[in-house]
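Trainee: Sequence:
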Amino acid sequence: MSVPSNLLEHCFDEAVRHAAPSLGRCIDLAVASLQQEEKDQRDVAQRDRCARAWYTLLKHRQGWGPAFAQRLKAALHAGYHEGNTSSLALLSNSELLALVDESAVNESIESAKVLQNLLPEVEQALAVLDARMSSLIGLDTVHAEKNPLRPSIYVRVLRDQLIASEGDAEVRTLWMRHLAAPLGRELRSLYEQLALMLQRANVQEASYRVRLVADPQASKPPAPPKRDLLDYEFTAGGVAVEPARDAQGQTAPNADTVWLPPMADLARTAPMLDHDVMQQFLEQGGPAFEQPLDQHYYRAIERERAELAAQAALPVLDDVVLEEERSRFRGLPAVDRPVRHVSIGSQLNAQTWGEVASATERSRMLLDLKAHAQSVAQAVGLDVVRKLVNQVARDPLLLAPVREAVVALEPALLQQAMTQPRYFNEDAHPARRLVESVAQRSFRYNDEFSEEFDSFFAPVRDAFRELNTRAAKEPQAFGETLEKLRSHWRSQDEREEKVKSERLQALRHAEERQATADRIAWDLSQRPDVEGAPAFILDFIYGSWSLVLASAEMGLPDTQERLNAYRKAVSDLLWSIKKDVTLRRPAELFRIVPGLVKTLREGLDQLGKSPAETQTFFDALMRLHEPVLGLRRARVRSESGQSGPAPLEDEATVLLTLEEMAPATPEQRTPKAAAQPWLGKQEMAHAGFEDTIATDFDSLHSDFDSSNGSLDDEITFDAEQLLLSLREGAWVDLYSHGEWLRAQLIWASNRGTLFMFTSRGGRAHSMTKRVCVRLIRSRWLRPVESRPVVQAALEAVMAAGPPPVLEPVSVH
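Using my numbering, the first residue of the sequence shown is number 76, and each one after it goes up by one.
Listed below are the simulated PhoX-like cross-link pairs for lysine-lysine, each with C-alpha atoms no more than 25 Å apart in a straight line: (1) 134 <-> 844; (2) 756 <-> 844; (3) 756 <-> 684; (4) 221 <-> 148.
With beta-carbon atoms standing in for the labels, derived distance ranges: (5) 524 <-> 123: 44 to 52 Å; (6) 796 <-> 449: 50 to 58 Å; (7) 533 <-> 570: 15 to 23 Å.
Calculated directly from the structure, the hints in this document are not laboratory data.
C-beta atoms are modelled at their ideal positions from N, C-alpha and C, and glycine is treated no differently.
The whole structure should be built from the sequences, with the hints applied where relevant.
Mentor: As structure tokens, then:
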């Protein structure tokens with residue numbers, strides 16, 4: 076059976092690419108479902124089992140994605156050759172059941188139940204995919220059991236993954252039961268995307284026919300040995316056929332060179348270059364690439380043109396259908412929308428891109444350039460550009476309109492290869508820099524339907540359309556276009572940078588002030604007069620008053636007078652609490668206290684602390700001074716001839732006073748560096764703290780000064796590690812005030828306890844480490860991977876074996 080291998084491999088690649096993020100979303104929903112079941116369970120053993128199940132499932136989340144993708148990749152190729160063996164039918168074989176233990180039987184039955192439960196979810200989408208997939212693999216009628224992407228493959232791979240990770244069969248059964256519904260929804264979305272991709276590729280639906288079903292238990296002839304698609308050669312139409320072999324059964328080598336592709340292969344619209352040829356071409360070159368193209372090449376060009384003309388007569392999707400597909404998931408949150416498939420074979424919006432919207436027209440332009448090529452280097456260079464464009468178009472980190480724009484720019488990029496075949500390997504080439512710059516700039520946005528993205532994309536779209544008309548005649552067009560776009564971006568950045576710098580100044584000032592305050596607190600702790608001071612006095616001196624001193628010290632020389640007064644206040648405060656001294660000299664205490672309190676309040680007011688925040692300290696200070704001040708008042712009454720009963724203190728007040736008067740312990744006498752810089756309310760608002768947390772999860776924003784919250788250490792560890800791995804410039808998706816924003820980390824405190832992110836327009840979002848960890852755990856803050864897009868595409872197409880799948884670390 077001949078197989079159009081390229082398209083089938085595209086389907087496999089798409090399925091594998093979706094595997095890890097899809098499994099991540101399934102796990103998230105399964106964990107939530109298990110947690111709910113745990114709450115609803117009354118049986119202690121069942122509740123403990125549910126708790127263990129969701130906890131271990133959560134721990135496996137990061138590691139399972141890549142492993143599941145690899146298992147699925149192997150299963151998809153193996154499943155294509157399996158025939159119609161039904162795992163459900165095998166479960167009815169009593170002889171087989173006798174050979175396995177009870178737990179294995181139960182687990183197999185549970186897997187069958189999972190398959191039965193998810194089939195209704197995928198039924199409609201699967202029927203369409205079955206019809207097109209049967210046609211793709213060369214069948215006239217629909218054979219659902221031969222669909223290499225059928226749900227049973229996924230269930231089996233998932234069960235194998237679970238068995239490899241967990242020894243407790245009951246826990247695995249719980250996992251399977253709660254993963255079934257999310258898996259069904261993910262498969263439905265994937266099947267819909269694959270069916271649409273096959274429709275765009277003009278793969279017709281096979282017909283359904285009523286037929287008798289053979290007994291699945293009947294004996295069958297042995298299956299032919301499994302073959303990998305790479306074992307085949309391909310016709311000009313991309314159909315796999317048996318390769319020519321010599322007398323010993325070995326594939327006959329190319330007579331000229333074993334690594335250079337045949338001339339006819341260089342004439343195809345679908346590049347046939349392997350990684351060895353590409354690596355040799357881009358990194359070393361050589362005389363082999365400078366040889367002229369022969370007549371086999373030009374005759375193959377004409378054959379390709381004839382096939383392309385036949386394809387051009389086939390109907391294509393109109394813009395209305397394309398727009399409906401584009402907007403299909405618009406109602407979902409931006410971070411939860413499935414990645415829209417884009418490739419060099421995609422049909423684009425004709426109103427937006429004109430004639431280059433047609434994949435057939437882009438292929439025609441490629442063949443026109445190949446017809447004018449004279450050397451192997453030019454033909455290979457054109458194929459390299461097309462492969463790289465296709466790789467960038469499939470990069471899930473980029474929004475679909477950006478990837479479509481790169482596809483639409485392909486004619487202009489191909490034109491450059493005629494004069495500079497290896498230009499994509501040059502970092503400084505304007506065409507490569509343009510693609511990279513647009514890709515990097517697009518990381519600022521996470522929603523293709525937002526006004527902000529449209530304001531970014533409109534100039535890019537106009538520039539790319541202009542390039543397709545200018546590139547052939549004006550070699551400098553790419554450089555001029557890049558400079559024009561960068562100039563536009565700089566004007567936007569200047570406005571945002573001004574806002575960001577103002578926001579950032581508050582945090583940097585607070586961090587510097589806190590470091591100075593920590594140093595001052597240590598110096599104060601070395602004074603001999605702190606000996607015997609109560610703990611609340613030292614807490615005030617080491618904390619709030621050290622910040623007051625630090626603020627005044629940072630304002631020198633303009634604040635010298637205030638600094639002197641604040642330093643003197645420390646001496647007066649420590650002297651005023653020496654009871655053995657003040658009882659002998661009450662008049663001096665009576666004279667000092669009013670001025671001392673006034674200075675303390677003025678300093679705290681300058682710092683930004685409200686009277687309500689510090690009233691507790693002043694109340695305690697007054698209770699500390701009350702015995703001496705009371706004695707002074709009694710003496711005044713005695714000298715004036717007045718008499719009367721002194722007010723009696725209740726027992727609680729006496730005990731409280733004694734506790735407050737107790738000298739600080741050695742541990743309390745040693746100042747501790749602040750876990751995070753202190754900020755006043757105005758500073759917090761200016762730095763974006765009030766604008767960070769969305770109104771529907773305010774409970775996450777605990778008290779700013781609290782740093783000893785009791786979070787589950789084991790569950791929190793991964794979130795903390797993820798947070799600490801972020802570097803300045805990293806991108807995240809942040810949920811704030813009912814919308815998902817793409818934000819960038821622009822500052823982190825030296826101790827990693829305060830973070831500032833900025834989103835569109837320089838809008839600041841500052842938060843503590845505790846809040847960040849809570850947001851990450853709740854998936855309200857999701858780190859987003861970014862990387863050099865062109866370099867990643869180059870590495871992918873030159874990698875040995877099948878191209879690696881590019882996947883984001885933020886799991887939607």
